[in-house]
Amino acid sequence: MAKVPVDAEKVLRCRALAADVASDVQTMIDRHTTVGVERTVARAYGVEGADAEGTPLANALVDKLHQHGSTGLGVAYFLGRALAGGAADVQEAAERLAFGDEPLLAGDADDVEALRRALAPHTAAAVLRIDGARDERVRLKGELGVGPEPLKYVIVATGNIHDDATQAKAAAFAGSDIVAVIRATAQSLLDYVPEGATTEGYGGTFATQENFKIIRRALDEVSRALGRYVQQTNYSSGLCMSEIAWMAAVERLDMLLNDAMYGILFRDINMERTFIDQYFSRRVIARSRIVINTGEDNYLTTADAVERAHTVLASQFIKEAFAERAGLVPELMGLGHAYEIDPWLEDSFLLEVAQAQLVRQIFDRHPIKWMPPTKHKTGDIFHSHVHDAMFNLAGVLTGQSIELLGMFSEAVHTPLLMDRYLSLKSAKYIFGAARHLGDEFEWKADGKVATRARTILDEALTLLEDVQRESIWASIASGVFADVKRTRTGGKGHAGVVRRDGRYTNPLLDVLEGHPSGGAS
Amino acid sequence: MAKVPVDAEKVLRCRALAADVASDVQTMIDRHTTVGVERTVARAYGVEGADAEGTPLANALVDKLHQHGSTGLGVAYFLGRALAGGAADVQEAAERLAFGDEPLLAGDADDVEALRRALAPHTAAAVLRIDGARDERVRLKGELGVGPEPLKYVIVATGNIHDDATQAKAAAFAGSDIVAVIRATAQSLLDYVPEGATTEGYGGTFATQENFKIIRRALDEVSRALGRYVQQTNYSSGLCMSEIAWMAAVERLDMLLNDAMYGILFRDINMERTFIDQYFSRRVIARSRIVINTGEDNYLTTADAVERAHTVLASQFIKEAFAERAGLVPELMGLGHAYEIDPWLEDSFLLEVAQAQLVRQIFDRHPIKWMPPTKHKTGDIFHSHVHDAMFNLAGVLTGQSIELLGMFSEAVHTPLLMDRYLSLKSAKYIFGAARHLGDEFEWKADGKVATRARTILDEALTLLEDVQRESIWASIASGVFADVKRTRTGGKGHAGVVRRDGRYTNPLLDVLEGHPSGGAS
Amino acid sequence: MSSQTFLRAYGDREGDGMVQLSFTLTILPGDRAREAAKRFAEAHGLKHPLVVTMEQASFEHTYFVVYGKSVHGVDAAAIHVEELGAEALSRDEVEGAAKALGRKIVVVGACTGSDAHTVGIDAILNYKGFRGEKGLESYKAFDAHNLGAQVENAELAQRARALGADAILVSQIITQRDCHKENARALVELIEGQGWRDRVILLLGGPRIDNKLARALGFDAGFGPGTLPLEVAAYLVREVERREARPQPAMR
Amino acid sequence: MSSQTFLRAYGDREGDGMVQLSFTLTILPGDRAREAAKRFAEAHGLKHPLVVTMEQASFEHTYFVVYGKSVHGVDAAAIHVEELGAEALSRDEVEGAAKALGRKIVVVGACTGSDAHTVGIDAILNYKGFRGEKGLESYKAFDAHNLGAQVENAELAQRARALGADAILVSQIITQRDCHKENARALVELIEGQGWRDRVILLLGGPRIDNKLARALGFDAGFGPGTLPLEVAAYLVREVERREARPQPAMR
Ligand code: B12
Ligand code: B12
Ligand SMILES: Cc1ncc(COP(=O)(O)O)c(C=O)c1O
Ligand SMILES: Cc1ncc(COP(=O)(O)O)c(C=O)c1O
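Residue numbers (this note's numbering), protein chains in the order written: chain A, 458 to 978; chain B, 458 to 978; chain C, 84 to 335; chain D, 84 to 335.
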C-alpha cells in the first residue's frame with residue numbers, strides 16, 4: 458500500500474505521552490465505582506426484570522445501596538452476604554435487598570471471605586455467559602466467513618425494533634457486513650436501560666437487551682441465508698455504558714461504540730463517571746472480544762477538520778492507552794476518524810487521504826473505523842452520493858478496516874431502505890473498481906499528501922505534550938477536543954460516582970482483570 | 458503528473474506505420490472530389506438559400522452538375538465560367554446554372570485562367586469570412602478567458618433549437634466550458650443541409666447554419682454575462698461533412714466532431730466519400746483553427762473496452778496522420794477515447810487510468826477528448842452518477858483536456874436541465890478536490906497500471922503493422938475497428954464520389970492547401 | 084383488497100409512503116420558491132413534503148429535491164400483466180425441440196428506421212451474444228440473418244419474405260416523442276397490408292419495450308432491457324411448434 | 084392566471100412536466116412489479132411513466148426510479164408566503180441602531196430538549212460564527228448567552244427571565260414524527276402560562292424550520308438552513324426598536 462512518511466521516534470513519543478495521560482485517569486478509576494458499574498455487576502449475577510413503571514430491578518437495588526451510602530462496598534458485597542446468609546438465589550436476594558427494609562450497611566461481622574465464596578459459582582456463571590457467546594461468534598464466523606475489508610458498516614434507525622429488524626435484513630441482503638442500530642436521541646442521558654422490545658424512539662431505537670436479541674436473531678437468520686456472518690453493533694456509552702456492554706457481550710454483539718470522550722463532549726456526561734464506566738465496560742468487552750469503535754470522528758463536526766485534524770490523532774493515542782489499560786489488544790481497538798473536510802476546498806481529497814493513510818500506518822494492527830462525510834452534506838442527495846463515492850475511494854485506497862458508509866440522505870433523515878441499498882451498491886462498485894489502487898504507487902516524499910501527514914503528526918505530538926503536562930481533565934476543560942469545554946465535576950451522572958470502600962467487593966471485575974482470587978483493591 | 462512508461466521507439470514506429478496508412482488514403486483523396494465538397498465550394502462562393510421544398514440551391518446546382526457527369530470539373534469551374542462570362546454575381550450564376558437548360562459541360566474553348574481570375578475575389582472573400590470568424594474567436598477568448606482543463610463539455614439535445622438555446626445558457630450558467638448541440642438521429646444520412654431554424658428532431662436538433670447562429674448568439678450573450686468564453690460545437694460528419702465544416706467556420710463554432718471513421722462504422726457512410734469529404738472539411742477547419750474531436754470512443758460501445766483497447770490507440774495514430782495531411786496542427790487534434798470498461802470488473806478503474814494516461818502522454822500536445830461511460834450505464838441514476846464521478850476523477854488525475862461530462866440519465870434520455878446541472882456540479886467538485894492528485898506520485902513500473910499501458914501500446918503496434926500491410930480499406934472490411942465490417946464501395950453516398958478531371962478547378966482548396974496560385978492537380 | 088396486495092411506498096416503516104421527487108421549476112430560489120415546490124409536491128399526493136434542496140440551476144430555473152409521504156397506493160391484486168408466458172428452456176431443450184421440427188427456424192432481425200443502435204439486436208442474434216450467452220446464430224435450431232441497423236421497414240419486409248422467415252426481430256432503441264412506437268407499428272401495418280401477417284412471428288425489442296407495449300403495437304411479443312438470447316430462442320421454438328400444430332392458413 | 088405564473092415542471096422543454104420519482108415497494112422485480120410501479124407513478128399524476136430502474140433491494144423489496152410527465156402545476160401568483168420582512172442591514176447599521184437604543188440587546192439561546200446539536204445555535208451566537216461571518220457574541224449590540232444543548236424548556240425560560248432577555252433563540256435539529264415541533268410549541272406555552280410572552284421575542288431555527296412554521300408554532304420568526312448571524316442580528320435590532328416604540332405592556 459502507498460505509504461506516507463511516518464517518523465517512528467515521534468510515534469513512540471506520542472505513545473509515551475498518551476500512556477501518562479491514561480495512567481493518571483486509571484489511578485482515579487481504580488479507586489472508584491459507579492452506580493452504573495454496580496448495576497452491571499448485579500445484572501451479571503442474574504438480577505433481572507423491571508417493575509410495572511419500568512424501573513429495572515438492578516436500578517432499584519443499586520439506588521437503595523446508593524441512598525444508604527453503601528455503593529462503595531459494591532453490590533456484590535450485599536448479594537454475597539445474602540447468598541451466604543441462605544438466600545435461595547440472586548434474584549430473590551436482590552428483590553429482598555431492593556424492596557426490603559434492611560439498612561444495607563456493611564456489618565462489622567460480615568465475613569468477606571464467606572460472601573466471596575458464596576458468589577464464586579455465580580461469578581463463574583457470569584463469565585461463562587460471556588465466554589459462551591464469544592465462542593459461538595468464533596464458531597459462526599469460521600463457519601460462514603466474513604466479507605473483505607473495508608467492512609461495509611451501515612446503520613438502521615427507525616425507532617421501532619421490528620422495523621429495524623426488517624431494515625437490518627435488507628441491509629445484509631444488499632451487502633452490508635455490519636449493522637448498527639442507532640440509539641434513540643435521549644437514551645444516553647437515561648440512568649437505566651429500558652426493558653423489553655421497544656417501538657417508539659426519536660432518531661433511533663432504544664438499546665435494550667431484548668432489542669439486541671431481536672436484531673441478533675434477524676441477522677443470524679440472514680447470515681445463514683447469505684453464507685456470510687453479518688455483524689451487529691450498538692452503543693455502549695452514556696450513563697449505562699457498562700450495563701450495555703454486558704448485554705452486548707451476552708447477546709453476542711460483535712462491535713460496540715464505546716468511548717467516554719464522546720459522552721463527555723457531546724452528551725455532557727460527567728467525565729469521572731464515564732471514565733470509570735468505560736473501564737468496567739471494557740473489561741467485559743475484552744473478555745468478549747468485541748471490537749470497540751471510538752468517536753473522534755465527532756470532533757470534526759464541531760471543530761474544523763483541517764485545522765483540528767491533529768486533535769483526532771492525539772485523541773487516538775490517548776484512547777489506545779485507555780483501551781490497553783482495560784485489557785484490549787490492538788485487534789479490538791477500532792479507533793475512529795472521519796472524512797469531514799469541506800469538499801469544496803481545493804485538494805480536499807488529498808488532505809483526507811493523507812490523514813487516513815497516516816492513521817492506518819500508525820495503528821497498523823487496529824481495525825480502524827472510518828466515518829463518512831456528514832457535516833458538509835446538504836439535501837442535494839445526488840451530489841451527496843458523489844461525495845460519499847470519494848470517501849469510499851479514499852477508504853479502499855488507504856486500507857481502512859471498517860467503513861461506515863455514507864448515506865446520500867445524510868442531511869435529511871435517518872436512512873430509508875433505498876438510501877442504504879444505493880450506498881452499499883456504490884461502495885461495492887468503488888471497492889472493486891479501485892481494489893488495488895493503493896498498490897500501484899508511492900506518495901512522493903515532498904508532496905502535499907506526505908507533507909500533510911507529517912504536519913498532523915507533529916501537531917499531535919505538541920498537543921500530547923500539552924495534555925500530558927496539563928492532564929486530561931484540564932485539557933478537556935480548556936476545549937482542546939471538539940472545541941467543547943467540560944469540567945471535571947460538571948455534567949450528568951457525577952452523583953453516581955463513589956469512592957471504593959476498603960472492603961469493596963467485585964469478584965467479577967477481579968476475574969476480568971485477570972486475578973480471580975484477588976481480594977478487595 | 459504521474460507517468461506510465463512509454464517506449465518512445467515503439468511510438469515512433471506506430472507513427473511511421475500510421476503515416477503509410479494515411480498516405481495511401483491521401484493518394485485517393487487527391488484524385489477525387491464529391492458532391493459534398495462541391496456543394497461546400499458553392500456555398501463558400503456565396504450560393505445561398507433553398508427552394509420551397511427545402512432543397513438548397515447548392516444541392517440543386519451540384520445535382521445538375523452530377524447529372525451531367527461534370528462534377529469532376531468542380532463547381533468552381535462553372536461558377537467561374539459564368540462570372541467570366543458576365544454573370545452579375547455568384548448567386549445569379551448559380552441559379553442560372555441550376556435551373557437553366559445549359560448542358561454544363563466543359564467547353565474546349567473555356568479559358569481556365571480567365572475563369573480562375575474571375576473567381577479570385579470570391580475566393581478571397583470566402584477565406585476572409587473564415588479568417589474573420591477565427592480572429593473574432595481569438596479576440597473573445599482573450600477578452601473573456603476560458604476555464605481550466607479538463608474543459609467541461611456538455612450536450613443539449615431537445616430537438617428544438619430554441620429550447621436548445623435555453624439549455625445551452627443554463628449549461629453555461631452551471632459551469633460548462635463547451636456546449637454541443639446533438640444532431641437529430643437521421644441527419645448524417647441526409648445528402649443536404651436543411652435550411653433555417655428547426656424545431657423538430659428526434660434524439661437531437663438539425664445542424665443548420667441558422668441553428669448555429671442561434672446558439673452562437675445565446676452563448677456569446679452568456680459568455681459576456683459570466684465573463685468566460687463558452688465554446689460551441691457540433692457535428693461535421695455524415696454526407697454533409699464539409700458543408701457543415703464551412704458553416705461552423707463562418708458561424709464561429711469552436712470545435713467539431715469530425716471523423717470519417719465514425720460515419721463509416723456507425724452510419725454506414727461510404728468510406729471513399731467520407732474520407733474525401735473529411736479532407737476538405739479539415740482544410741477549412743485548419744484555417745479556422747477549430748478543434749476537431751475524433752470518435753474512437755464509439756468503438757468501445759460495440760467492441761469490448763478491455764479486449765479492444767488497443768484499437769482505439771491504433772486508430773488515434775491513424776487519425777493523427779490523417780489530420781496532419783489536412784494541415785491540422787496537434788493543438789487542433791482532439792483525439793477521442795472513452796471510459797467504457799465494465800465498471801464491475803475488479804480494478805476497472807486502474808485499467809481506465811492506464812489508457813487515459815497512455816493517450817495523454819503519447820499525444821501530449823493534443824487537446825485529448827475524453828468520453829464518459831455510456832454503454833454500461835443503467836437507469837439507476839443514482840449509481841450512474843457515481844460511475845461518472847470515477848470518470849471525472851480519472852480525467853483530472855490524467856490531465857485530459859476536454860471532458861464530455863457523463864449524465865446520470867445516460868441510459869434514459871438526452872439530458873434534462875437538472876441532469877446537466879448536477880453533472881457539472883459533480884465535475885466541479887471532483888476536479889477541485891483532486892486537482893493535484895496526479896502530482897503526488899509516480900505509477901510503479903511493474904504495477905497493473907503500467908503493465909496495462911505497456912500492453913496496449915504493444916498491441917496497437919501489432920495492429921498498425923497489420924493495417925499498414927493490408928491497407929485501411931481491407932482492415933475496415935475485416936472488422937478490425939468497433940467489430941464492424943464495411944466494404945470500400947458499400948455504404949451510403951458512394952455515388953457522390955467523382956474522379957477529378959484534368960481541369961478540375963477549386964481555387965478555394967488551393968488557398969487552403971497553401972498554394973493559392975496552384976493549377977489543377 | 085388484502086393488506087398484502089395493497090402496495091404503498093416503503094421508506095423505513097411499513098406503509099409510511101415515503102417517496103423522493105426531483106424536478107425543476109422556472110422560478111428563482113427563495114421562500115416563495117420553496118412554497119411553490121411544496122405545493123407542487125402536494126399536488127402529487129405527497130403529504131408533509133420536505134424541500135431538501137433548492138438550488139439555482141440556470142439564470143431562471145431552480146432545481147428541487149423533495150421527500151414526502153405519498154398518499155397513493157396500488158392494488159397489486161388488480162394487476163394482470165400479459166406475461167410473456169414463455170417456458171424457460173435450456174439450450175439443449177431448444178435444440179431438441181427444433182430437431183423434432185425437422186428444420187431450422189429462419190429469423191431475420193434488424194434495427195429499423197434511422198436507428199443505428201445495433202448492439203441490442205446483435206446481442207440476441209450474433210454468435211458473440213450477450214453477457215456470456217451466445218446468440219441465435221450459434222444454435223443449430225436457427226438460421227439467423229442480421230440485417231444490421233438503419234434498415235427501412237420495406238426492405239426488412241422484403242428480405243424476410245424472400246428468406247421465408249418464420250420470425251422477424253425488430254429492435255428499436257431511440258425514441259423521442261414516441262417515434263419508436265410509430266416506426267414499429269408501421270412495419271406491422273405494412274406486413275398486414277401485404278397479407279402475410281399470420282405467417283410470421285413478429286418480435287419487438289429494446290430498452291423502452293415490454294411485452295405489453297409490443298402486443299399493443301401488433302407484435303406477438305416484446306422483450307425489454309437485459310433480455311438474453313436463450314429467452315428469445317425458447318419463445319421462438321415453442322411458438323413455431325404451436326403454429327405448426329395448428330392448421331396452416333391458406334396461401335393468399 | 085397568466086402563463087408566467089403557472090409553474091409546471093421543466094425537463095428540457097417548457098411545460099413538458101418532466102419529473103423524477105424514486106420509491107420502494109414490497110414486491111419482487113418482474114413484469115407485475117413494473118406495472119405496479121407504473122400505476123403508482125400514474126396515481127401521482129405522472130403521464131407516460133417510464134420505469135427506468137427496478138432492482139431488488141431486500142429479500143422482499145424492490146427499488147424503482149421512474150420518470151414521467153407530471154400533469155400538475157402550481158399557481159405562483161397565489162403564493163403569499165409570510166416573508167420574514169427583515170431589512171438587510173450591514174453590521175455597522177446594526178451596531179448603529181443598537182447604539183441609538185442606548186443599551187445592549189440581551190439574547191439567550193439554546194438547543195432544547197434532548198437535542199445535542201449545538202452547531203446551528205453556535206453558528207448564530209458564538210464569536211466564531213458561520214461561513215466567515217462572526218456571531219452575535221462579536222457585536223457590541225448584543226449581550227449573548229448560549230446555554231448549549233440538551234437544555235430543558237423550563238430551565239431555558241427561567242434563565243432567560245433571570246437575564247432579562249429581549250429574545251430567546253431556540254434551535255431544533257432532530258426530528259422524527261415532528262418531535263421538534265412539539266418541543267418548540269411547549270416552550271411558547273410555558274412562557275405564555277408564565278405570563279411574559281409579550282415581553283420577549285421568540286426565534287426558532289434549524290434545518291426543518293422556516294418562517295411560516297415558526298409563526299404557526301407561536302414564535303415571532305423562524306430561520307432555516309444557511310441562516311447567517313447578520314440576518315438574525317438585523318431582525319432583532321429592528322424588532323426591539325419597534326417594540327420600544329410602542330407602549331410597554333403593563334407588568335402582571
Ligand atoms: C451504444 C450507443 C450508441 C452507439 C451505437 C453503436 C451501435 N452500433 O449500436 C452510437 C455511439 C453509434 C450511438 C449513437 C447515437 N445515440 Co446512442 N446510445 C448508445 C448507448 C450508450 C448504449 C446502447 C446499447 O448498446 N445498449 C446495450 C444493449 C445490449 O442494450 P439494448 O439495446 O437495450 O438491448 C437489449 C434489450 O433491449 C433487448 N433487445 C434490444 N433489441 C431487441 C430486439 C429484439 C427482437 C429482442 C428480442 C430483444 C432486443 O435485448 C438486448 C440485450 O438484452 C445508449 C445509452 C444506454 N446506456 O443505454 C445510448 C442511447 C440509446 N443513444 C441515444 C442517442 C440520442 C443517440 C444519437 C441519436 C445521438 C446523436 N444525435 O448523435 C446517436 C445516433 C444514432 C442513431 N441514429 O441511432 C440516446 C437515446 C435517447 C432516447 N431515449 O431516445 C441514448 C439513450 C443515450 C442518451 N441518453 O442520450 N449510440
Ligand atoms: C453534527 C451532527 C451531529 C453531532 C452534533 C455535534 C454538536 N455538538 O452539534 C453529533 C455527532 C453529536 C450528532 C449526534 C446525533 N445526531 Co446528528 N447530525 C449532525 C449533522 C452531521 C450536521 C448538523 C450540523 O452541525 N449542521 C450545521 C449547522 C450549521 O446547520 P443547522 O444546524 O441547520 O443550523 C443552521 C440553521 O438551521 C440555522 N439555525 C439552527 N438553529 C438555529 C436557531 C436559531 C434561533 C436561528 C436564528 C437559526 C438557527 O442557522 C444555522 C446556521 O445557518 C447532521 C446531518 C447534516 N448534514 O445536516 C446530523 C443529523 C442532524 N443528526 C441526526 C441524528 C439522528 C443524530 C443522533 C440522534 C444519532 C444517534 N442516535 O446517535 C445523535 C444524537 C444527538 C442528539 N440527541 O441530538 C439526524 C437527524 C435526523 C432527523 N431529521 O431527525 C441527522 C440529520 C443525520 C441523519 N441523517 O441521520 N449529530
Ligand atoms: C462513540 C460514540 N458513542 C455514542 C454515539 C451516539 O450515541 P448516543 O448519543 O446514543 O450516546 C456516537 C455517535 O456518533 C459515538 O460516536
Ligand atoms: C465523431 C462523431 N461524429 C458524429 C457523431 C454523431 O453524429 P451523427 O450520428 O449525427 O452523425 C458522433 C457521435 O458520437 C461522433 O462521435
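Keep in mind that a hint or two might mislead.
[What the hints assert, rightly or not] Quick list of in silico lysine-lysine cross-link-like pairs, DSS-like style, CA-CA up to 30 Å:
id : chain 1 : residue 1 : chain 2 : residue 2
1  : B       : K885      : A       : K460
2  : A       : K942      : D       : K130
3  : C       : K152      : B       : K832
4  : A       : K460      : B       : K905
[Said to hold, decoys possible] Over the 10 Å line for every Cβ pair with chain D, so calculated as not near, a few chain A residues:
id : residue
5  : A473
6  : A902
7  : D940
Hints listed in this document are in silico derivations from the structure and should not be mistaken for laboratory results.
Bear in mind that the values here come from a model prediction, so they are computed numbers and not experimental data.
Ideal Cβ placement from N, Cα and C applies to all residues, glycine included.
Going through the hints against the structure:
no.	hint	verdict
1	B:K885 / A:K460	holds (28 Å)
2	A:K942 / D:K130	violated (57 Å)
3	C:K152 / B:K832	violated (35 Å)
4	A:K460 / B:K905	holds (18 Å)
5	A473	holds (34 Å)
6	A902	holds (35 Å)
7	D940	violated (8 Å)
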